[in-house]
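**Q** Single-letter residue listing:
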Amino acid sequence: MDIFVVGLSHKTAPVSIRETVAFAPEHIGDALEQLKEIPCIAEVVVVSTCNRVEIYAAADRAEEGIEAVTLFIAHYHGLDAEQLSSHLYVYQGDEAIRHMFRVAASLDSMVVGEPQILGQIKDAYGYAVEYGSVGLIMNRFLHKAFSVAKRVRTETNIAGNAVSVSFAAVELARKIFDTIEGKTVMLLGAGEMCELAARHFVNNGVKEVLVANRTFSRAQTLAQEFSGRAVLFENFSDHLHQVDIVLSSTGATSFIIHPDHVKRALRQRKQKPMFFIDIAVPRDIDPRVNSIGNVYLYDVDDLQGIVKANMDERQKESIAAEEIIDQEQLQFKGWMGSLEVVPTIVALRQKMERLRQREVEKTLSQIKNLDDQGRRAVEAMSQALINKILHQPTAGLKRAQKGSEAQPYVDVLQELFELEIEAPKGEMKQVDQDLDGH
Amino acid sequence: MSILLYKVALFMYALATLISLVAVVRNRGTEGRQARLLLLFAFGVHTVTLVVRYFEAGYTPVTNLHESLSFFAWALAGVFILLDLHIRMQVMAAATATLVTVFMLFGSLMPMQTQDLNPVLDSFWLPIHVGLSFLGSAVFTVAFVAAILYLIQERMLKSKKFSALHYRLPSLETLDRVNYRCLKFGFPLMTMGIISGAAWAESAWGTYWSWDPKESWALITWFLYAALLHGRLTVGWRGRRAAIFAIIGFFFLLFTFLGVNLLLPGLHSYSSMAG
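Those protein sequence lines, which keep their order, are chains E and D. According to my numbering, the first sequence is numbered sequentially starting from 1. According to my numbering, the second sequence is numbered sequentially starting from 1.
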């Protein structure tokens, strides 16, 4: 049994392809049903987000599975398979495991470290469970991916600091004010950037929003949106002392906030700190404002500088994350290998046991005058014999499994002893105990 | 016995400092919790040390430089632990633990034996006057640590150049709040310390105030903190200015505590190095 993935992402396909290939939530069930019908595929999960479409599957013959899944994607969306394949990537075995872990840990994301992808994979798994398309391997695989993502998140700083201008502003505010809950924000200008940044602040608990815009009606609409209040643009400086955070992005060609405005406001508010964010180009706020005590002024370049530094930091952290993924991948590979070993050992023991019972019965029926003690001794001797015989091969298989080299031994054993392997599910526990016991 | 306990406490403070510094560098909660626990434990051992020494010596152990440093370090650790219950700050813990360890280390370099009590000090005012004064000083020392951290964080926010410390330090508002809170608790303690000193002076020397160096410097320091408190309450002094005041105030305190004893002879000289 092997794991593989066929898919495409923002790295291999433009949005025009991604949007055609995407599986809408209401179609995922249907897709899973169809994929389950493919004979060589045992288990399957469909991950579909706006940046990636991936089909993970477990199959006995991976090559066949890969071909079938590729065709499925093309046919399902009415595309030419040839044309599509130039955008597709295919990973198998170790590579597929690593890929899933990297995706879940957000190392493969457009913005490295962004947290949404994990939720999206959890959703994908949810669908797969709902439609019964996952079993032993995929269950374990997905849960492992979730725990890897969690490990990466807690053990590295990959999702540490803001990588967008708006978030950077919110984080700065948190280093000036303890919390932005209960603070008041003033928007100067009603541009899109301003609105976006304001939304971040509102989502993080800002108490009140004041909006000043040259067109008063626009200010009113925006104020309504944030359930704040609109003030006349001409009078904005009279309200300056009421606000802790000022977000400015007017179209003004010269500075509209001068140090004198700010000093006056500060006196009125008893020097309580103020945070000015100037996202306008040309700038709205005189840079000298930054040198006033208890006032912090950041313009677009300052914020972008922070974003850039944070991005670099994430890149650095991703090295540590890759190490974690290496470890986890190796561990998962070991488990996959054990799937092959365990049923083989079970089958081998069962076969031996059958032979033993037959031979013991035969022997005992031939010796007529044997007492109970003698019978028990024969039983015990035969039992001990197969234990002794099986001890070393079992230990050897265990060792091979740890090194992920069990496959050839398993093949030989199955061949020579003509073993018939059952589904590993139910036997797992029992054999784990057996392995421990010997 | 108390000397051995003192060394154990010193060792544990040092260990707590080390672990809390590691916690800051690695920016992880596990070490932070361990360091906290260790600091609490060290404080416990230190408390026992003081109690044991009290019974060994037969008086409140604050009469020579070793005892003073020990008591001061104990008060500082205690005040910080109380603050930490309200506002949890990893960097603050590391910095305070370092200071406590440094004071303990100095204390261990002084003659540590107990001696016969100077008869002048044999008064019920001794624990009251010294206890209040030191407790106030300990509170102001915490304010000093917060003030240093404030200036570092403020500098980074103003210059827009961030080191790793920026992400680990608390917000300016939090650090400023520590400053204010310390002032609110430290100032009354210090005031009562001075008043109790005057009362003691009256009963021992027959005069409330005799302008000996310690008294003068304590008064100067008191005025400094009074000015800060006044500025805070009336015209909203805060942030950088309050931080600078807290730092200057701390150096005045330090001089009143150590400098006066070592450099300027006066009525308070019994607690100099010679003991």
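Mixed in with the good hints, there may be bad ones.
Heads up, simulated DSS-like pairs for lysine-lysine below, C-alpha to C-alpha not over 30 angstroms straight-line [what the hints assert, rightly or not]:
hint : chain 1 : residue 1 : chain 2 : residue 2
1    : D       : K161      : E       : K308
2    : E       : K272      : D       : K158
3    : E       : K272      : D       : K184
4    : E       : K183      : D       : K158
5    : D       : K7        : E       : K183
6    : E       : K263      : D       : K7
7    : E       : K183      : E       : K270
8    : E       : K207      : D       : K158
9    : E       : K263      : D       : K161
10   : D       : K160      : E       : K270
Simulated coverage check for chain E against chain D, where a stretch passes if three residues somewhere in it have a Cβ under 8 angstroms from a Cβ of chain D [said to hold, decoys possible]:
hint : stretch
11   : 264-278
12   : 300-309
Since the hints were made in silico from the structure, they are not lab data. The C-beta atom is built at its ideal place from N, Cα and C for all residues, glycine as well.
**Q** Under the constraints set out in the numbered hints, which ones does this structure not fulfil?
**A** Hints 5 and 6 are the ones this structure does not satisfy, whereas the remaining hints hold.
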